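Chain residues, written in single-letter form:
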Amino acid sequence: MRFELTPRPNVSPVMRALAPVAAFITAFLIAGLVIWLMGRSPAAAFDVYVLQPLSDPWSLQELVVKATPLALIAIGLSYCFRANLWNIGAEGQYVIGAVLGSWLALKTHGTEAGLWVLPLMLLLGIIGGALWGLIPAFLKTRFGVNEILTSLMLVYVAQLVLDYLVRGPWRDPKGFNFPQSVTFDPSATLHPIFEGGRVHFGALFALIAVLATAVILGRTLFGYRLKLTGDAPRAARFAGFSSKSTTMAVFAISGGLAGLAGITEVSGQIGQLQPSISPGYGFTAITVAFLGRLNPIGILIAALVVALTFIGGESAQILLKLPLDLTQAFQGILLLCVLAGDALVSYRIRFVTRGGGK
Amino acid sequence: MKADVSSSGPPLVELKGISKRYGDLLANDGIDLSIEPGEIHALLGENGAGKSTLVKILYGVIEPSAGEIRWEGRPVSIGSPVEARNLGLGMVFQHFSLFDELTVAENIAVALSGDWDLATVRGKLGEISRTYGLALDADRAVWTLSAGERQRIEIVRCLLQNPRLLILDEPTSVLTPQEAEHLFTTLDRLSAEGCSILYISHKLEEVRRLCRRATILRAGRVVATIDPRASSAREIAALMVGSEVGEIRTDAPHHPEGEMLKVASLNLPPAGMHGQSLRDIDLTARAGEVVGIAGIAGNGQTELFAALSGERLAGGPDAVVIAGRPVGTTGIDGRRRLGAAFVPEERLGHAAAPTHRLSENTLISHAAAEVSRSGFILVNAARRLARTIVQSFDVRTPEGDPQARKLSGGNLQKFVIGREIIRKPKLIVVDQPTWGVDAGAARLIRQALVDLARQGSAVVVVSQDLDELFEVADRMAVIHQGTLSPLKPIGEWTKEAVGLEMLGVAQASGGVHAV
Amino acid sequence: MTTFEAILLTIVTASTPLLIAALGELVAERSGVLNLGVEGMMAMGAACSFAAAVTFDSTLLGVGAGILAGALMASLFALVVLGFAANQVGSGLALTIFGLGLSGLIGAPFVGARRDPVAHIDIPGLSDIPVIGRLFFEQDLFVYASIALTILVAIYLTRTRSGLTLRSIGENHTSANALGLPVWRVRFWAILFGGACAGLAGAYLALVYTRFWSPGMTAGRGWIALALVVFAAWRPGWLLVGAYIFGAATVLQLHAQAAQFGVPPQVLSAVPYLATILALLLLSLRHGRAIGAPGSLGVPFVPDR
Numbered sequence: 011m012r013f014e015l016t017p018r019p020n021v022s023p024v025m026r027a028l029a030p031v032a033a034f035i036t037a038f039l040i041a042g043l044v045i046w047l048m049g050r051s052p053a054a055a056f057d058v059y060v061l062q063p064l065s066d067p068w069s070l071q072e073l074v075v076k077a078t079p080l081a082l083i084a085i086g087l088s089y090c091f092r093a094n095l096w097n098i099g100a101e102g103q104y105v106i107g108a109v110l111g112s113w114l115a116l117k118t119h120g121t122e123a124g125l126w127v128l129p130l131m132l133l134l135g136i137i138g139g140a141l142w143g144l145i146p147a148f149l150k151t152r153f154g155v156n157e158i159l160t161s162l163m164l165v166y167v168a169q170l171v172l173d174y175l176v177r178g179p180w181r182d183p184k185g186f187n188f189p190q191s192v193t194f195d196p197s198a199t200l201h202p203i204f205e206g207g208r209v210h211f212g213a214l215f216a217l218i219a220v221l222a223t224a225v226i227l228g229r230t231l232f233g234y235r236l237k238l239t240g241d242a243p244r245a246a247r248f249a250g251f252s253s254k255s256t257t258m259a260v261f262a263i264s265g266g267l268a269g270l271a272g273i274t275e276v277s278g279q280i281g282q283l284q285p286s287i288s289p290g291y292g293f294t295a296i297t298v299a300f301l302g303r304l305n306p307i308g309i310l311i312a313a314l315v316v317a318l319t320f321i322g323g324e325s326a327q328i329l330l331k332l333p334l335d336l337t338q339a340f341q342g343i344l345l346l347c348v349l350a351g352d353a354l355v356s357y358r359i360r361f362v363t364r365g366g367g368k
Numbered sequence: 101m102k103a104d105v106s107s108s109g110p111p112l113v114e115l116k117g118i119s120k121r122y123g124d125l126l127a128n129d130g131i132d133l134s135i136e137p138g139e140i141h142a143l144l145g146e147n148g149a150g151k152s153t154l155v156k157i158l159y160g161v162i163e164p165s166a167g168e169i170r171w172e173g174r175p176v177s178i179g180s181p182v183e184a185r186n187l188g189l190g191m192v193f194q195h196f197s198l199f200d201e202l203t204v205a206e207n208i209a210v211a212l213s214g215d216w217d218l219a220t221v222r223g224k225l226g227e228i229s230r231t232y233g234l235a236l237d238a239d240r241a242v243w244t245l246s247a248g249e250r251q252r253i254e255i256v257r258c259l260l261q262n263p264r265l266l267i268l269d270e271p272t273s274v275l276t277p278q279e280a281e282h283l284f285t286t287l288d289r290l291s292a293e294g295c296s297i298l299y300i301s302h303k304l305e306e307v308r309r310l311c312r313r314a315t316i317l318r319a320g321r322v323v324a325t326i327d328p329r330a331s332s333a334r335e336i337a338a339l340m341v342g343s344e345v346g347e348i349r350t351d352a353p354h355h356p357e358g359e360m361l362k363v364a365s366l367n368l369p370p371a372g373m374h375g376q377s378l379r380d381i382d383l384t385a386r387a388g389e390v391v392g393i394a395g396i397a398g399n400g401q402t403e404l405f406a407a408l409s410g411e412r413l414a415g416g417p418d419a420v421v422i423a424g425r426p427v428g429t430t431g432i433d434g435r436r437r438l439g440a441a442f443v444p445e446e447r448l449g450h451a452a453a454p455t456h457r458l459s460e461n462t463l464i465s466h467a468a469a470e471v472s473r474s475g476f477i478l479v480n481a482a483r484r485l486a487r488t489i490v491q492s493f494d495v496r497t498p499e500g501d502p503q504a505r506k507l508s509g510g511n512l513q514k515f516v517i518g519r520e521i522i523r524k525p526k527l528i529v530v531d532q533p534t535w536g537v538d539a540g541a542a543r544l545i546r547q548a549l550v551d552l553a554r555q556g557s558a559v560v561v562v563s564q565d566l567d568e569l570f571e572v573a574d575r576m577a578v579i580h581q582g583t584l585s586p587l588k589p590i591g592e593w594t595k596e597a598v599g600l601e602m603l604g605v606a607q608a609s610g611g612v613h614a615v
Numbered sequence: 004m005t006t007f008e009a010i011l012l013t014i015v016t017a018s019t020p021l022l023i024a025a026l027g028e029l030v031a032e033r034s035g036v037l038n039l040g041v042e043g044m045m046a047m048g049a050a051c052s053f054a055a056a057v058t059f060d061s062t063l064l065g066v067g068a069g070i071l072a073g074a075l076m077a078s079l080f081a082l083v084v085l086g087f088a089a090n091q092v093g094s095g096l097a098l099t100i101f102g103l104g105l106s107g108l109i110g111a112p113f114v115g116a117r118r119d120p121v122a123h124i125d126i127p128g129l130s131d132i133p134v135i136g137r138l139f140f141e142q143d144l145f146v147y148a149s150i151a152l153t154i155l156v157a158i159y160l161t162r163t164r165s166g167l168t169l170r171s172i173g174e175n176h177t178s179a180n181a182l183g184l185p186v187w188r189v190r191f192w193a194i195l196f197g198g199a200c201a202g203l204a205g206a207y208l209a210l211v212y213t214r215f216w217s218p219g220m221t222a223g224r225g226w227i228a229l230a231l232v233v234f235a236a237w238r239p240g241w242l243l244v245g246a247y248i249f250g251a252a253t254v255l256q257l258h259a260q261a262a263q264f265g266v267p268p269q270v271l272s273a274v275p276y277l278a279t280i281l282a283l284l285l286l287s288l289r290h291g292r293a294i295g296a297p298g299s300l301g302v303p304f305v306p307d308r
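Order-wise, the sequence lines are chains A, B and C. The numbering of the first sequence is the working numbering, which starts it at 11 and goes up by one. The numbering of the second sequence is the working numbering, which starts it at 101 and goes up by one. The numbering of the third sequence is the working numbering, which starts it at 4 and goes up by one.
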């Protein structure tokens, strides 16, 4: 017996849209199986992971809060992935964005600095992320170093930078030796959109990024440039699009958006720097980007769906004593299912059994 | 008489009612074919007639949808190339099945069945090489070899297994006339030793030189089985194409004037590890003429195209001058804006993005076409442009605005050439304009290029097809290992002279272009 | 034993898991498959081996469980990239995320447990040679096994028929398919071998190197192993050299941390990651591109019709 893959002549848009849904259901079934194997009730887990968060207004806000960094980062990554460039170091760009933005918050701490602090912090966050993202891009375009490994290695480095700062020079002297910075002043804090709510202005940034990206990818020559670079690199060069500047541009964009996600999370959510400022948003965003089929609107939906697994995971840890790692394992399986689903949409798979002849 | 067709006993191989269906397309439709022992049998047909599909079925690479294969009268099922080889079939592929980084001996060893070690393979390789005059160095890496040498590896690889039937798919498309003649001698000899040969080609002269029986395919069906020596070239061509293909008209008055392209002492290092460098290239093309560049694949044509188009930049601005402007260090966009146009060899992936619609593919020459404004795509303008190209160049499409990959080779080539010609460029450089294109499309493309020149554009055609160049070119040069022979009027060239230039022999004897 | 000897010994111990994991990946990549899931397979190997070793109180069973876990993870990857021709970079990444998560689940009940050191094998006579004696001839079995495996892989790739087939498939799967070489079958086994090696490397980490389990204990070693394959230009011999250089860098930075030179520990912790980037950079500077990369590496295989 052997496989045969034949490209499908026509792929209906409905099928393309349904593939991630099918992948999601498959991943859910696999996760249910794992939970059942661990001797827990999959039904109870489904209740805690999905139904409860969706039926509770507080959780619904939390959903938007968690989806915000995921959507911001994944939107940025979609620029890279469309051009077939593999930035897998968004987690590091997120951290450096948070660090550079926080620098201003800490510098102006306790001063009378006014309204200009916050916008400048956000700008520094974008710059920090973009610069960190440009390192692998520069190494790739200038020296031909593989971007996958370098961008990933820089995640570890970024985390160590953050660790050093919060344990060393930026540690709050009155913080009982805890590794954390001072709490940001109100002038350096991103406020909730609605008084007393949890959803902060970062969600608006994510929405703007989605809409802007929809226009850029769908209607501009730059968007076409990315698509052409990803689908047919030689044709892109033939069209006069230099692959080097494409690489630099998409890494700067995705790094910048990841950095923005980092600084909004710190200034809008956490309120100070600490050794861990992300439950792996930068990696999960890769799943989000593919689950959303690299389409801005798709990514927005996918970010909300995946955010659910974070919230569900947290409550499952408390209510069912299911380890948080289950969420990560689920996200990995989900990404595998999405990629396999993509392939199933493009190819028809047949099992050929060979009879007779021998 | 080396191949007695009327000999007793069953044919060596017999195909009965072979069909292969891909979705709506019937690539092979009930094909019958038989080959006698020791016979050289030709399989003739246009590009897309179904020749490659048929031989892949015979060699076990793909499965037929219906039909039967008989080997010496017994029905057999050939499930894989390994089974085919065990049966006694050998195949020389058109696009070689070689591994660039491995040595000659390793390339041969990997395809052998049974027990062997590299030392044995080396020994046998030497033996076969001597017997048939196919010189090969066992320890050279394949990427260092010429196309002719690579083909020798494929042939030796087959001969080592003592094949009963040798299949050759368009074997001369990469050879010089002299190398081709050497191949024919080898084939005659094999046939005399009793080995059958299935010879696939679309070149009539070769088939008439080699074969006594030819099966002609058209649109997936057998249209005739004939003796090619008894029929005229015209008759055979008519059978292949289905209707007569007219000659192209080149009679319009021709007064070339004004240099649109001037290349002076162009040098270019190789692009990759296995690339060809360009050395001291001098070339001019004037408005109103067609300049041909002949040469065997891999002698620097790709590099020359990249240097002319601006995909690769020259050392200084003066190395390439387009319409009087030095552009050696200007990219492809800048050259397009000066009125130049380019069509590369690869249709899918270079000239066009396979999964993009035709309207999106017009954006590839966005620098010179009115399909975008201040960074935004003019979607309707792109659609209109695609439609105009489709209509003006008789591009047959399955739907209104299909993906490029859904077009046949000929139709896509008409589209990518049409995309450039439609804006009446001052200069157009085309690499292999009709490679793998059916006769009808090839004629249309050649005519369009000649017409463009007669309307006052400079046209540069890089081609491996000598017949094509003799048909369209006004002046011609030959490229060999990155150097270009002098550019001479077409009337001063003979095929033999071109062949010698292709081999680099003319340089040694004449020393004419020690510039 | 002098401090110097002790340092040399730990270098060998730190290098061995890198070498084993990288060897497996090297074979997979020579067959044309890029599996970025090494980190995840390694984490699973570590968790499963530690769980089994503690549960059954047997190092041997632990090692077996680690190998099996790595191979199972790899077969999942093989299904997706061979069966569905899915994108290899994305799938490998997914495998890493999945493996890191699942290993956390499996290892959770065993946090805090410890295993006894694994016996070292003393080669009589040779191990009495000063300095190098203890270094080369009084190691644990895994060290000898990893060296032997390197030699075997080198011989397999260059001297055997099956190795030639594997290299051909990695070089050009279209040609290989046209010649009737079993592209899918060879790649499946190569991926599985890669997984088994990553699992073994993980087992070594948990059972020999640290002798406890903690989540995320692989700490990027899987990624470093991937970089080593590039660094070694896909040659087993160079892999040995590379693994030992990296092992040395890791150990020396640990000792430097202990010695407290006044350099922040985070700077020293970053050394292996920065060294990886530097190594890749130097390699590219020398060759201009990744030399020796198999021609079909990372390209999904869909046979033409």
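To be clear, the hints were calculated from the coordinates, so they are not data collected in a lab. Do not rely on the hints blindly, as some may be mistaken.
[What the hints assert, rightly or not] Far from chain C by the CB rule (all over 12 Å, computed), these chain A residues:
(1) LEU39
(2) PHE56
(3) ALA123
(4) PRO129
(5) LEU141
(6) LYS150
(7) VAL155
(8) ASN187
(9) THR199
(10) ILE203
(11) PHE215
(12) LEU318
(13) GLU324
(14) ALA350
[Unchecked claim] Below, a list of computed lysine to aspartate or glutamate pairs in the DMTMM-like style, where the Cα atoms sit at most 20 Å apart:
(15) LYS224/B - ASP239/B
(16) LYS254/A - ASP433/B
(17) LYS588/B - ASP565/B
(18) LYS595/B - GLU305/B
(19) LYS506/B - ASP241/A
(20) LYS303/B - ASP567/B
Quick caveat, the model's predicted, so the values are computed rather than measured. Just so it is clear, CB atoms sit at the ideal spot from N, CA and C, and this is done for glycine as well.
Each hint tested on the structure:
1. For LEU39/A, the requirement that its beta carbon stay farther than 12 Å from each beta carbon of chain C is met, with the minimum near 15 Å.
2. In this structure PHE56/A is separated from chain C by more than 12 Å, as the shortest Cβ-Cβ distance comes to about 18 Å.
3. Look at ALA123/A: its CB is around 29 Å from the nearest CB on chain C, clear of 12 Å, so calling it non-interface holds up.
4. The claim that PRO129/A is not at the interface with chain C holds, since no C-beta of that chain comes within 12 Å of its own (minimum 30 Å).
5. The non-interface label for LEU141/A is consistent with chain C: the shortest C-beta to C-beta separation is roughly 15 Å, beyond 12 Å.
6. A beta-carbon of chain C is positioned within 12 Å of the beta-carbon of LYS150/A; the least distance is around 9 Å.
7. Not every C-beta of chain C lies more than 12 Å from that of VAL155/A, the closest at about 5 Å, which undercuts listing it as non-interface.
8. The non-interface label for ASN187/A is consistent with chain C: the shortest C-beta to C-beta separation is roughly 16 Å, beyond 12 Å.
9. With a closest Cβ-Cβ approach of about 27 Å to chain C, THR199/A is found to remain outside the 12 Å limit, as its non-interface label requires.
10. Every Cβ of chain C is farther than 12 Å from the Cβ of ILE203/A; the closest lies at roughly 32 Å, confirming the non-interface assignment.
11. Distance check on PHE215/A: its Cβ is at least 26 Å (rounded) from any Cβ of chain C, clearing the 12 Å threshold; non-interface status holds.
12. For LEU318/A, the shortest C-beta to C-beta distance to chain C comes to about 16 Å, beyond the 12 Å cut-off, and the non-interface label holds.
13. No Cβ of chain C comes within 12 Å of the Cβ of GLU324/A; the nearest lies about 15 Å off, and the non-interface call holds.
14. Taking the minimum C-beta to C-beta distance to chain C, about 4 Å, the non-interface status of ALA350/A is violated against the 12 Å cut.
15. Proximity of LYS224/B to ASP239/B is assessed by CA-CA distance (about 14 Å); at most 20 Å being required, the pair is judged to hold.
16. A threshold of 20 Å between alpha carbons decides the hint, and for LYS254/A with ASP433/B the separation of about 16 Å falls inside it, so the pair holds.
17. The straight-line distance between the Cα atoms of LYS588/B and ASP565/B is roughly 18 Å, inside the 20 Å bound, and the hint therefore holds.
18. Our distance criterion of 20 Å between C-alpha atoms is met by LYS595/B and GLU305/B, whose separation comes to about 14 Å.
19. With a C-alpha separation of about 16 Å, the suggested pair LYS506/B and ASP241/A falls inside the 20 Å cut-off, and the hint holds.
20. Note on LYS303/B and ASP567/B: the hinted pairing holds, with a Cα-Cα distance of about 10 Å set against a maximum of 20 Å.
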